[in-house]
Amino acid sequence: MAEVPEPTHRRRSHAGTRDLERYAGLFAERTSVMRSSAMRDLMAITARPEVISLAGGLPDTSTFPPQSFAAQMTRIAQESAAKALQYGPTEGFEETKDCILEVMGAEGMLPDPDDIIVTTGGQQAIDLVCKTLIDPGDVVICEAPTYPGAIPTLCSYQADVVQVECDEDGMQVEVLEKLLADLRGEGRRPKFIYSVPSFQNPAGVTMSLERRRRLVELARAQELLVVEDNPYGLLRYGGEPMPPLYQLDGGDFVIYLGTFSKILSPGIRLGWAVAPPPVMEKIVLGKQAADLCTSTLTQYFVREYFAERRWQRYVDDLVEIYRGRRDTMVEALRDHFPAEATWTEPDGGLFIWATLPDYIDTSDLLAKALRADVAFVPGQAAYVDGRGSHSMRLNFSGVDEDEIREGVRRIGKVIAEQVDLYGALTGEQKLPEPQPQEAPNVVPFRKAGEAG
Amino acid sequence: MKVAVLKGGRSLERGVSLRSGARVEDALERLGHEVLPIDVGADLVKRLVAERPEVAFVAMHGVGGEDGTVQELLEILGIPFTGPGAAACARCMDKVQGKDAIELAGLPTPDWFAFNQTAFREFGAADALGRLEETLGFPLVVKPSRGGSSLGVRFAGSAGEVPQALVSAFSYDDRVLLERFVDGRELAVSVLGDEPLPVVEAILLEGDRYDFEARYEIGRTRFVCPAELSAEEERAVTEAALATYRALGCTGFARIDLILGGDGPWLLEANAIPGLTDTSLLPQAAEAAGLSFEQLVERILDLALSPQSVS
Numbered sequence: 001m002a003e004v005p006e007p008t009h010r011r012r013s014h015a016g017t018r019d020l021e022r023y024a025g026l027f028a029e030r031t032s033v034m035r036s037s038a039m040r041d042l043m044a045i046t047a048r049p050e051v052i053s054l055a056g057g058l059p060d061t062s063t064f065p066p067q068s069f070a071a072q073m074t075r076i077a078q079e080s081a082a083k084a085l086q087y088g089p090t091e092g093f094e095e096t097k098d099c100i101l102e103v104m105g106a107e108g109m110l111p112d113p114d115d116i117i118v119t120t121g122g123q124q125a126i127d128l129v130c131k132t133l134i135d136p137g138d139v140v141i142c143e144a145p146t147y148p149g150a151i152p153t154l155c156s157y158q159a160d161v162v163q164v165e166c167d168e169d170g171m172q173v174e175v176l177e178k179l180l181a182d183l184r185g186e187g188r189r190p191k192f193i194y195s196v197p198s199f200q201n202p203a204g205v206t207m208s209l210e211r212r213r214r215l216v217e218l219a220r221a222q223e224l225l226v227v228e229d230n231p232y233g234l235l236r237y238g239g240e241p242m243p244p245l246y247q248l249d250g251g252d253f254v255i256y257l258g259t260f261s262k263i264l265s266p267g268i269r270l271g272w273a274v275a276p277p278p279v280m281e282k283i284v285l286g287k288q289a290a291d292l293c294t295s296t297l298t299q300y301f302v303r304e305y306f307a308e309r310r311w312q313r314y315v316d317d318l319v320e321i322y323r324g325r326r327d328t329m330v331e332a333l334r335d336h337f338p339a340e341a342t343w344t345e346p347d348g349g350l351f352i353w354a355t356l357p358d359y360i361d362t363s364d365l366l367a368k369a370l371r372a373d374v375a376f377v378p379g380q381a382a383y384v385d386g387r388g389s390h391s392m393r394l395n396f397s398g399v400d401e402d403e404i405r406e407g408v409r410r411i412g413k414v415i416a417e418q419v420d421l422y423g424a425l426t427g428e429q430k431l432p433e434p435q436p437q438e439a440p441n442v443v444p445f446r447k448a449g450e451a452g
Numbered sequence: 001m002k003v004a005v006l007k008g009g010r011s012l013e014r015g016v017s018l019r020s021g022a023r024v025e026d027a028l029e030r031l032g033h034e035v036l037p038i039d040v041g042a043d044l045v046k047r048l049v050a051e052r053p054e055v056a057f058v059a060m061h062g063v064g065g066e067d068g069t070v071q072e073l074l075e076i077l078g079i080p081f082t083g084p085g086a087a088a089c090a091r092c093m094d095k096v097q098g099k100d101a102i103e104l105a106g107l108p109t110p111d112w113f114a115f116n117q118t119a120f121r122e123f124g125a126a127d128a129l130g131r132l133e134e135t136l137g138f139p140l141v142v143k144p145s146r147g148g149s150s151l152g153v154r155f156a157g158s159a160g161e162v163p164q165a166l167v168s169a170f171s172y173d174d175r176v177l178l179e180r181f182v183d184g185r186e187l188a189v190s191v192l193g194d195e196p197l198p199v200v201e202a203i204l205l206e207g208d209r210y211d212f213e214a215r216y217e218i219g220r221t222r223f224v225c226p227a228e229l230s231a232e233e234e235r236a237v238t239e240a241a242l243a244t245y246r247a248l249g250c251t252g253f254a255r256i257d258l259i260l261g262g263d264g265p266w267l268l269e270a271n272a273i274p275g276l277t278d279t280s281l282l283p284q285a286a287e288a289a290g291l292s293f294e295q296l297v298e299r300i301l302d303l304a305l306s307p308q309s310v311s
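In order, the protein sequences belong to chains E and U. At position 67 of the first sequence the residue is numbered 67 (my numbering), and the sequence of numbers has no breaks. At position 53 of the second sequence the residue is numbered 53 (my numbering), and the sequence of numbers has no breaks.
Worth double-checking, as some hints may not be accurate.
[Unchecked claim] Only part of the chain E face toward chain U is listed, based on derived beta-carbon distances under 8 Å:
#1 Thr-296
#2 Asp-361
#3 Asp-364
#4 Ala-416
#5 Leu-421
#6 Thr-426
Honestly, the hints are just simulated from the structure, not real lab data. Ideal Cβ placement from N, Cα and C applies to all residues, glycine included.
Chain E on its own, in the form it takes in the complex (with noise of 0.2 Å):
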């Protein structure tokens, strides 16, 4: 065999740039608050090959056809080289705005095109936005569960969070009112409440109309800020569309935030914000600050692609393929999971939240399920304060319809083996083995004021 050496020295050769010590001085504050915990080594091992991950959130782009995306791209380089090379502006280009209404327009909104930011995906969406309104301290609402990505952003702008219960029909605005009361009660005005109305991540629940209207009719009242972040509006299995809040509210007290990553690609990292012009100002200032510009070079590839007119039909695909995944997510889940958890079935969106006996705590039982090659989301990941500890977030776009059965009967056979072995010490009745059930286990919630 031929002697070929193995590269060992790699990376850096300053010296000890690895010890903190040597810069922990120098650490802003707020990076205090931006925590590593033992549960996210756990969620480190979930990347082995053999995991079955229900813990991502990972479109299916194996589905987006790569004659497709080779013309684009052949295209872009024969027409638009040096202009998708180069900068663009702040805002991003007038040809993604078109893009962007052609979406909203898909859910009856008709935004004016300067009240719109390109952004680096939904997430720096996010960034901006608590960039823009948050001072260290201020409160800020947000849903309990809440998506697990927005809590990282929210502390390392040193918010006070606080999370509203959902139900079934999403965040729970009655609960909502009474905290609102309560903070003004104290003088304290929360810089915006942050949302997920339509299928949420984690929890899958959509709220009502009556709650949407409600809400926006609060934002008004009360000039509060709310911030939809809608990823997942066009991902629609089963029942009604809802207006969305910006829809409602006509966007003056409500920023929306959108993404092309569920409807097209998160790779390509294209989301956008629209936002009243006071607000936007300083939103693109902040943009501006972070990172200049959008990459043009996606721009150009989604204004292609737009072209073709064909996205809505690529959506249309993703629907079937999701729904029929969901399916067989709910329906493993009737076969595996003991006849005491619950779970959400979403209407649309990537995610079920299960919620099992509360003598499981689901970071513990991750520990269990990983030696099963199966991963899934802690609730607690998607709380403030701890809670959750009994929850999981389930996805079911990333993988087939194979793996999600085989995932779901693995975790199913580790929590019986909890639930047995709680009965045991308990001296409990052995609880029956799980029976496929004729109707769906849905009882999404605990009720309003129960602790998670």
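Given the coordinates of chain E, assemble chain U onto it according to the supplied hints.
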């Protein structure tokens, strides 16, 4: 010298191990060694046989890398390695074995009872819980016998909380222990060769003292090194730690965790391969003793190659 750095693996502490390993690799390179990084997997033996490193630096934590498994293989292959030998690793990793050895050496360790799952599933051990709770009192601590960091460690404040704590602990191991809670200062003594390093004290800054997660999060726990101890306290703590190190048969290095109560030190456990990340306690203690991270790594290598450790 050609040094293999063993890291990663499949343990739950893979993340910490990769950080420990990366830091060790950098230090070894700066020291002028030829570094062979190995993320431990099914090809470990093949790679070691093919590459013939002169010594292996074991930067693995948790089951597989810290419990004697990898050490046993290295002993079979005749490759000198850092840290304690296979038998000592096995004793340190398993808290029940470790406490047995500590007690056998006449050293104080909080009272405990150990159970495996079978005892509960098949022999009705639950019926004995009341009796042992009476002996241990509340709060008591429930721990998986084998497991690192704070994973699966729970306090139970009352009898009602015990079953749930047991379910958590059993998520990490088939054997768990229930241990009397000792109130006091939380100290860690790292031993390098036969020398105790300055004592580290962990002081919880915020939150519930019964929240074990907090102990491992930057910003929630402050580590003081050297700990502020009277000369008498320091001697008692250091002697107890050294005696534990010997009782467990450790060589190379190890970290002994203990509680300093009003009535003296209570030994909890030994970590055969303590973390070597930038926030870990062993490097902090070494620095307090005037050893840079490179010097620490060099010393650990020397110990691995000294005749006593090769045995």
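Each hint tested on the structure:
no.: 1; hint: Thr-296; in the structure: violated (35 Å)
no.: 2; hint: Asp-361; in the structure: holds (5 Å)
no.: 3; hint: Asp-364; in the structure: holds (4 Å)
no.: 4; hint: Ala-416; in the structure: violated (12 Å)
no.: 5; hint: Leu-421; in the structure: holds (6 Å)
no.: 6; hint: Thr-426; in the structure: holds (5 Å)
Violation of the numbered hints given earlier is confined to hints 1, 4; the remaining hints are satisfied by the structure.
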